[in-house]
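There are 2 protein chains.
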Amino acid sequence: MRLRLAAVLLSAMLAGPATAASLPELIADPGQWAIQTGDFQNTRHSRLDQIDRSNVGRLKVAWTFSTGVLRGHEGGPLVIGDVMYVHTPFPNVVYALDLNREGEILWRYEPKQDPSTIEVMCCDTVYRGLAYDDGLIFLHQADTTVVALDAKTGAVRWSVTNGDPEKGEVNTATVLPARGRLIVGHAGGEFGVRCHLTAYDQKTGARLWRAYTTGPDTDMLIDPATTTSLGKPVGTESSLASWEGDQWQIGGACPWGWFSYDPDLDLVYYGTGNPATWNPVQRPGDNRWSNSIIARDLATGVARWVYQMTPHDEWDYDGVNEMILTEQEIGGTPRKLLTHFDRNGFGYTLDRATGELLIAEKFDPATNWASAIDLDPASETYGRPVLDPTYSTDQDGMGEDMTTEGICPGALGAKNQQPAAFSPQTKLFYVPTNHVCMDYEPFRVTYTAGQPYVGATLRLYPAPAGQGFEEPGIMGSLTAVDGATGKVVWALPERFSVWSGVLATAGGVVFYGTLEGYLKAVDAATGKELWRFRTASGIVGNVTTYSHAGKQYVAVLSGIGGWAGIGLAAGLTDPSDGSGAVGAYEGLAKYTANGGVLTVFELP
Amino acid sequence: MRLRLAAVLLSAMLAGPATAASLPELIADPGQWAIQTGDFQNTRHSRLDQIDRSNVGRLKVAWTFSTGVLRGHEGGPLVIGDVMYVHTPFPNVVYALDLNREGEILWRYEPKQDPSTIEVMCCDTVYRGLAYDDGLIFLHQADTTVVALDAKTGAVRWSVTNGDPEKGEVNTATVLPARGRLIVGHAGGEFGVRCHLTAYDQKTGARLWRAYTTGPDTDMLIDPATTTSLGKPVGTESSLASWEGDQWQIGGACPWGWFSYDPDLDLVYYGTGNPATWNPVQRPGDNRWSNSIIARDLATGVARWVYQMTPHDEWDYDGVNEMILTEQEIGGTPRKLLTHFDRNGFGYTLDRATGELLIAEKFDPATNWASAIDLDPASETYGRPVLDPTYSTDQDGMGEDMTTEGICPGALGAKNQQPAAFSPQTKLFYVPTNHVCMDYEPFRVTYTAGQPYVGATLRLYPAPAGQGFEEPGIMGSLTAVDGATGKVVWALPERFSVWSGVLATAGGVVFYGTLEGYLKAVDAATGKELWRFRTASGIVGNVTTYSHAGKQYVAVLSGIGGWAGIGLAAGLTDPSDGSGAVGAYEGLAKYTANGGVLTVFELP
Ligand SMILES: O=C(O)c1cc(C(=O)O)c2c(n1)C(=O)C(=O)c1cc(C(=O)O)[nH]c1-2
Ligand SMILES: O=C(O)c1cc(C(=O)O)c2c(n1)C(=O)C(=O)c1cc(C(=O)O)[nH]c1-2
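Protein sequences appear in the order of chains A and B. Here the first sequence stands for residues 1 to 604, where the numbers follow full-length UniProt numbering. Here the second sequence stands for residues 1 to 604, where the numbers follow full-length UniProt numbering.
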């Protein structure tokens, strides 16, 4: 009750359509949704509680808004004061909608981008959304142009070019505004680009630092003495030593996912993508720091610690999924944690100050490429997966043109970029999963700038019955994981992968979307379904909530797409297209067609 | 109550997803929406009354469905048994949705059409919807391919080519299935095509007859002795005599609007479009039978009677708007009537058996090109408009390259194709109007097959304040017109033209959509607004209602477009583009973006 009042008061203070309030202030107000991830910690938990277990069943549509663009609509709207900011996939149109007038358009910004950019986007034309701070809206376009727009007018304040789409450098990620810096990633792992994380000055767009994820220490902003991995200094040229020759130059490992920030430690956390190519035989070594969690000092960019989940990736297990920062007791001791549900099927919890690995548990029971993660600090293989050679696609260098069957999870991971939520009330993580396995056949490729540098053929299919769910054909779930132990508490099966981001609220409700297009609300404690609504198209967006004029709303973007929805989104029909996703998800065509619609819900 | 029960019973009888019930049977069941126009009479009145004045305020969204296509979504879904059939604008995708499973896709049909067809569509890529009879779904594609699909499976049963898009012959209209015949029109007036109405055999697609709207009597299926106009035989070569030379060959006058049918008289009613070009100086004469109502014998195609609303059109006043067939008393005598709200600003009521003109009243008070229609049967100018020479764009052959200002209505008419509804309870017509005027400058054009043959530059703008509404800037209204007198009873002003078709129900509610995207419900008696909902995009679709499992639903397509919405739909920004519509409706960009979404409403 007190919280709700605070929200109303703060909202009332925010005069006019957009305000110049700072992001930390806005995040502190549960009435706003000021950052894609809900908060710097990426918990996607809202303290709003008007909509709760008892009344969510009566939720109804308040209004809808078509974005004018089709294909995968990832991310979600921001709410700052009386204004909602909505983005679209390529060409990345931005709308400022007036919440006082049911979403009338205050301004729109339509960047002109070369359509050839679409051809170098690996996994649909998605964009995971805008960011805001101090009166500026930050747009990171598909073609890697970073633009700061005046939140009141849509006027361009500054704009910089972060990469080169001709080489395959593109963007799908949101940016992170933190203490005057803008943290910016990019994509292109499937095109063999050399990836980096960059900090720009929020006010001017001036570049402050850039940290590559492969290559010499100086490029990577790694200090061999102070940058640690699992508690020990990484040593000199930790990346160079893990690649053959200069393969690190075309080694991918893009930070195309999410960013977290700990204001006290002043550390930015993010994950890096798969090493290029997907043919592991072509790139001996651990391929550092691909598939890794990296903690960097916001001010200098220097890496504090790194941890590689999947050394020498043989399965396309990008490590970019979100890092959720929580404070919990582990073994009776309160700790500052970082939890990360990786594509490789393991959920990792680390001490986020030190990078110490505390928990690593399978959150998809089908996971078979590794039986466990070595958690013994005394072991030589501390932190490394205990591999099952049956599912190696490298096969000690003999794997080329051989098909390895039945690998779980499939390349799109037990979880992809669609973010989980954490509720401090239930102390559960709510993880949107893929329950998908694969056959994988690596083949040799040569690098040509701007051309696909993939090197593997895949077949994707549901995990076998009995490995998580009794029914056959289950391709995903909403899985609740105990925050303190990493153990699965319950899991709700879904016909298709859950490709939408989850929202947990103080009302005891967890929301998520399905590829068929349902927005669902379940009981945060038990997972019992409380409500569902069939939106216009498949949901790959992330559910958000906000309050306006004292009333709580829930909002979500519909629009089938992303890797799982690429068949419908791009009109592909060959089952092997989209690296096997077209075949695996062809059943989706029974449920949905392309779209691009925001739906806003309210209580009657 | 009896009606609702009958509906439930009939619905229960209709086994499986689609049935082979005949169209008249389905129309008799108010639970179905079996024909675009609601019934053969085009009343768009439903006898369903679950949703009524008292509860419509609680209407909420039941489910939504994105069609996967953007641009103007005209027409509406059909409901046959447990299946809803949804169409899209070009490329005219057809979906069969399972109403028992919240709109799961039973089948989809995606025609392959040459995108160059889009270039010869004058007024957006719209399509006014599917038709059904005896187990077949009839699709008339933009490229004039007429396809009969198995309603259960989507399999093509037959397909014929009705015209040639290379010449500019395209289609936007629905077809009319009547007594085993399929009545088929087409478009292309702005490309100087020679237009016709064609009847095909429903079962086989064999062509039964074709009636041109200009040219020799034999081509027109006019019998100079028995075909009448205002009660008198039209005489030999009534069309040829009204054109100079062979201009009738490129004279347009397309039947691109709606079709009505009187089963007792076995007559089909429809209107013809504007004569080509828009430059009246280039085509002296009355230009028959452009801008006319034509009644044809269904079996033979022979014209029973004709009536030309706007002889020698100087303003682009196509006569294609729907013909609403009612039985009402006029001057104490019950009569079989045909009422038609024309683009030219007059609402006409005729005896539909004889073609006698009974009423002609302005339904937009701004109308100024003519002061009245001569209703004196004894007069030499009986049935002709009483012109105001100030607003002539021909200016006795001197009008070329002269701008005539302040003509009302503008070229898109006081009402365009968006259909009105009639309630037998209130005996009111509910007319969606444009309250728009224009400046018109004709210029000389030469005909080239497949090239625009327009010949006029327009500026469109709201009618002046005080000519209907006190507020300035009003561009449309929902206008209630007394069925027996043709007088306006009330009119609800709208900021923009009402470009959606109206639905009237036995619940005493009238529904219509707005270009901003609102679906509105008003009291059928008083016009008082009872409810509104902001759909995903501007509404140019027609509101429908049906019942399923004993519950009444209201459905409407959103998707800005049509002539009024062409700026947004086609991404045009030059105010003079779209024959002036881009400038006139540029304010729309504040409210909506492109879309293609079906929204289905229900009571809680
Ligand atoms: O390595 C890369 O650069 C890169 C980029 C992206 C992207 O930018 O969307 C994806 C992936 N990889 C990827 O592996 C992947 O599974 C994936 C899924 C999606 C999506 O949005 O659904 N993007 C991406
Ligand atoms: O003369 C023709 O052939 C023709 C065709 C069409 C059409 O097919 O949509 C329109 C018109 N004319 C026309 O004059 C007009 O105002 C118009 C509006 C619309 C629409 O759907 O919004 N179509 C058409």
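Think of the hints as simulated: they come from the structure by calculation, not from any bench. Just to be clear, a hint being listed does not mean it is correct.
[To be verified] For lysine-lysine, the following DSBU-like pairs were computed, each having C-alpha atoms within a straight-line distance of at most 35 Å:
(1) K112(B) <-> K590(A)
(2) K112(B) <-> K152(B)
(3) K167(B) <-> K551(A)
(4) K427(B) <-> K551(A)
(5) K60(A) <-> K336(B)
(6) K590(A) <-> K427(B)
(7) K528(A) <-> K60(B)
(8) K590(B) <-> K551(A)
(9) K152(A) <-> K590(B)
(10) K112(A) <-> K112(B)
(11) K60(B) <-> K590(A)
(12) K336(A) <-> K232(A)
(13) K528(B) <-> K60(A)
(14) K60(A) <-> K551(B)
(15) K112(A) <-> K203(A)
(16) K203(B) <-> K336(B)
(17) K551(B) <-> K528(A)
(18) K551(A) <-> K336(B)
(19) K60(A) <-> K167(B)
(20) K152(B) <-> K551(B)
(21) K427(B) <-> K551(B)
(22) K203(A) <-> K167(A)
(23) K112(A) <-> K152(B)
Hints versus structure:
1. Between K112(B) and K590(A) the CA atoms are separated by roughly 20 Å; this keeps the pair inside 35 Å, and the hint holds.
2. At most 35 Å may separate the alpha-carbon atoms for a hinted pair to count; K112(B) and K152(B) meet this at roughly 21 Å.
3. Of the pairs offered as hints, the one joining K167(B) and K551(A) is violated, with about 57 Å between alpha carbons and a cut-off of 35 Å exceeded.
4. For a cut-off of 35 Å, the pair hint linking K427(B) to K551(A) is broken: about 42 Å separates their Cα positions.
5. A C-alpha spacing of about 45 Å is found between K60(A) and K336(B), which places the hinted pair above 35 Å, so the restraint is violated.
6. For the suggested pair K590(A) and K427(B), the alpha carbons sit about 44 Å apart, so the restraint of at most 35 Å is broken.
7. With a C-alpha separation of about 24 Å, the suggested pairing of K528(A) with K60(B) holds against the 35 Å cut-off.
8. Simply put, K590(B) and K551(A) have alpha-carbon atoms about 25 Å apart, close enough for the 35 Å limit, and the pair holds.
9. Among the hinted pairs, K152(A) with K590(B) is consistent with the structure: their alpha-carbon atoms are about 15 Å apart, no more than 35 Å.
10. A hinted pair counts as satisfied when its Cα atoms are at most 35 Å apart, and K112(A) with K112(B) qualifies at roughly 29 Å.
11. For a cut-off of 35 Å, the pair hint linking K60(B) to K590(A) stands: about 25 Å separates their Cα positions.
12. As the CA atoms of K336(A) and K232(A) are separated by approximately 19 Å, the hinted pair is consistent with the 35 Å bound.
13. At most 35 Å may separate the alpha-carbon atoms for a hinted pair to count; K528(B) and K60(A) meet this at roughly 24 Å.
14. Between K60(A) and K551(B), the direct Cα distance comes to roughly 18 Å. Compliance with the 35 Å bound is thereby established for this hinted pair.
15. As the CA atoms of K112(A) and K203(A) are separated by approximately 23 Å, the hinted pair is consistent with the 35 Å bound.
16. Distance check on the hinted pair: K203(B) and K336(B) sit about 31 Å apart at the alpha-carbon level, within 35 Å; holds.
17. For a cut-off of 35 Å, the pair hint linking K551(B) to K528(A) stands: about 27 Å separates their Cα positions.
18. Of the supplied pair hints, the one linking K551(A) and K336(B) is violated, its CA atoms being roughly 54 Å apart against a limit of 35 Å.
19. Straight-line distance between C-alpha atoms of K60(A) and K167(B) comes to about 49 Å, which puts the hinted pair past the 35 Å bound.
20. For the proposed pair K152(B) and K551(B), the alpha carbon gap of about 23 Å is at most 35 Å, so the pair holds.
21. With a CA separation close to 26 Å, the supplied pair K427(B) and K551(B) stays within the 35 Å bound.
22. Between K203(A) and K167(A) the CA atoms are separated by roughly 28 Å; this keeps the pair inside 35 Å, and the hint holds.
23. A C-alpha spacing of about 44 Å is found between K112(A) and K152(B), which places the hinted pair above 35 Å, so the restraint is violated.
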